[in-house]
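Colleague: Which chain is which? The protein sequence lines are B and V, in order.
Sequential numbering of the first sequence, starting at 1, is according to the numbering used here.
Sequential numbering of the second sequence, starting at 710, is according to the numbering used here.
Source of the hints: derived by calculation from the structure; they are not laboratory data.
Take these hints with a grain of salt, some might be off.
EDC-like, lysine to aspartate or glutamate: derived pairs with alpha carbons at most 20 Å apart [said to hold, decoys possible]:
no., chain 1, residue 1, chain 2, residue 2
1, B, Lys253, V, Glu724
2, B, Lys582, B, Glu543
3, B, Lys481, V, Glu772
4, B, Lys72, V, Asp728
5, B, Lys6, B, Asp93
6, V, Lys732, B, Asp239
7, B, Lys264, V, Asp728
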Amino acid sequence: MARKIKVALVGNPNSGKSTLFNALTGLNQKIANFPGVTVEKKTGICTAISKSGETVSAQIIDLPGTYSLYPKTPDEQIPFKVLCDPSNESLPDITIIIADGTNLKRSLFLCSQIVDLKTPVILAINMIDLMNYKGIRVDYLELSKKLGIKVLPISARKNIGIEEIKIALTEPVSVQENDFIDSKKFAPEVVDGIRNEIQVTSSYGAFQIASNLNEIEWFEEYPEKKIKIKSLLAAHSFDSTQLQAGETLERYKVITEVMNQCVKIEGVKKGPQWSKGLDNLLTHPIWGYVIFLAVLFLIFQAIFSWARYPMDFIDGIFADLGSLVHNHLPQGVLNDLLVNGILAGLAGIIIFVPQIALLFAFIAILEDTGYMARVSFIMDRIMRRYGLNGRSVIPLISGVACAVPAILSTRTIQSWKQRIITIMVTPLMSCSARLPVYTLIISIIIPSNPVFGFINRQGLVMMSLYLIGFFAAIGSAFLMKWFVKARSRDYFIMELPLYHVPRWSNVGITIYEKVKIFLFDAGKVIIAISIILWFLSSRGPGEQFNYVQNQVDSLRTENINSDSEEMNRLQAKKLEASYAGKMGKWLEPAIEPLGFDWKIGIALVTSFAAREVFVGTMSTIYSAGNENKKDRTVRDKMMAEINPDTGEPRYTVAVGWSLMIFYAFAMQCMSTLAVVKRETGGWKWPIIQFIFMGALAYLSSLLIYDILK
Amino acid sequence: MKLSQLKAGQCCIIESFTDEFLKLKLMEMGCIPGEMVQVVRLAPMGDPIAITVANYILSMRKEEADTVIVKMIEE
């Protein structure tokens, strides 16, 4: 039986933390959330064998990257909570601090804070290969003595020193006796007072609690203690800002002394020159933007044309599977539920996997190489004008695949106001769930003959829809700038990391994890909706439905060719009389001004769970209309539909555009609303978002329908 | 003199800060009074700026660099 321990992994952003995490745990990872917050909690199991042969199973917890224990963004609160709250479930037995060896001074700042918490610590100094190149020589023994902790040189990227870390995890880790700096002297009465009140292992822990009192949730259970500490702080006029500044200065002073004794730089090599040359190009006033646009173009190409092949393949498999099940299982309710409910729903989810995988591959590569930071750098000035932030670029781009991970990625935006605005407008970017809707409608209303002989007309319309979404997002952000109040100071202080060749295993693991989350989280909703939809469209209320159902049954038992006119007419009647039909009819007066009929109404109702359900719903509706014409696609059936009022096709250019604009703007995604609620901590923002986007969609569709009609 | 007034390539020594909140964040990132920094580049339109401090590159907006009082070093 292996001994089990918990290990926390902390470090600065860009210190190679994820690479070390992946090297220690491999694919043995789980993603959950830290209790009460949406910050991703990555854990993995690392099995280590000690020198004496004992097996230790270490649960490694990857904490979000931070520069200090003082939390400034939601992500940065986590390391503080995990390390300082003795009652939290993730409280580690050992903490591994990973430091960027080429950036040792700044890394040691966080390290010294954690050392002073008196928790068992191992310091892993990463990037020793780059340090050699730069001529940075570190006396690890001396450094270990000075800090009072075990220090291990590693290169996570080159897989050097990983085994040593594993072995270190199996051995007892001592706690540094002496303080790195004496934090008690800053506020002796407060520190003593807090240590009398609650169990804290160190003076520095008490000092941190005093500084972050309002961020700490674990006091909720002991409100009287919180009040006592609050009055203690007031009594001694505890000024957190002043004291933090004093602490920071003192730490850097000691760190500089330690560095002078342990670190030597031989031969002044300024690091790889190509990194600087690359920066000259990538942040160039013209080339910087040209290259960024080219990269975006490449991503779009990948998502919309390369992904076509695997998507068609998946589509084909599900079509075959559907007819296989349909033909080989006995006719009846179960058969119908399997084919039109569950399989149709599954196909609707899995079809998006290639696009999501490709998008996250690109984003992971761009992040990993350090290019994303440069994009934020050159875009900040422009984005700021619209109430956004340089870091809003990443969520907006990710929004093209799916708003859910895009909204999660806004957590790196330090300003609350700019973060809220980014969250509010990201769903206006055309996500991949709108793609099937656009594709279907475009193929109906836009002819495929090219413009000027070589530009694909349908592709042009598709691109214009994405641009409409983008401009709607930017415009809304500009509007919201005047309405959202700032809650915290807005700033943009960000490291520009060195360029790296992407670590392919990191990219691979990111894709794997994101696809898994999409399949299981979004998947559940879509499957459930498909089944509900199937039920609503095959059952109905009252006499009318029963009457039609009986007619259908009797026609079947009479064994009349089910492809007959009569049968089709009855099937359409049946759908009209079903629950779904009733809902569509009920909605019709409201959507008629937009050019929609009750059938589109049904699709709108079901799309409120997820947009891509539109195509599935249309298939269900039109296949329910003429059951056995399997060779005809939804598209053909929709094109053939005649509007009884005008005698012309139902799907005119005006109706098509109105429908596409509606889907471009309306908030039809439960998962996004749920994630916005979690990220903003209440129903206020998702409700505002829902109403705003709904109104925008309705009015824009109304306008475009009236213009084109 | 303010950090925001420097041109690309110029070096200076940080003296003090005029904003308490940004001071904490900047010091955490290694911008300590007495530290030498160099402005390495300006983003298009001159904002944000990028500096080297403690052997790495840090970017900040011009308005943030406005709060850093520095002493220029002649090279």
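Colleague: So which hints don't hold here, by number, going up?
Modeller: 7
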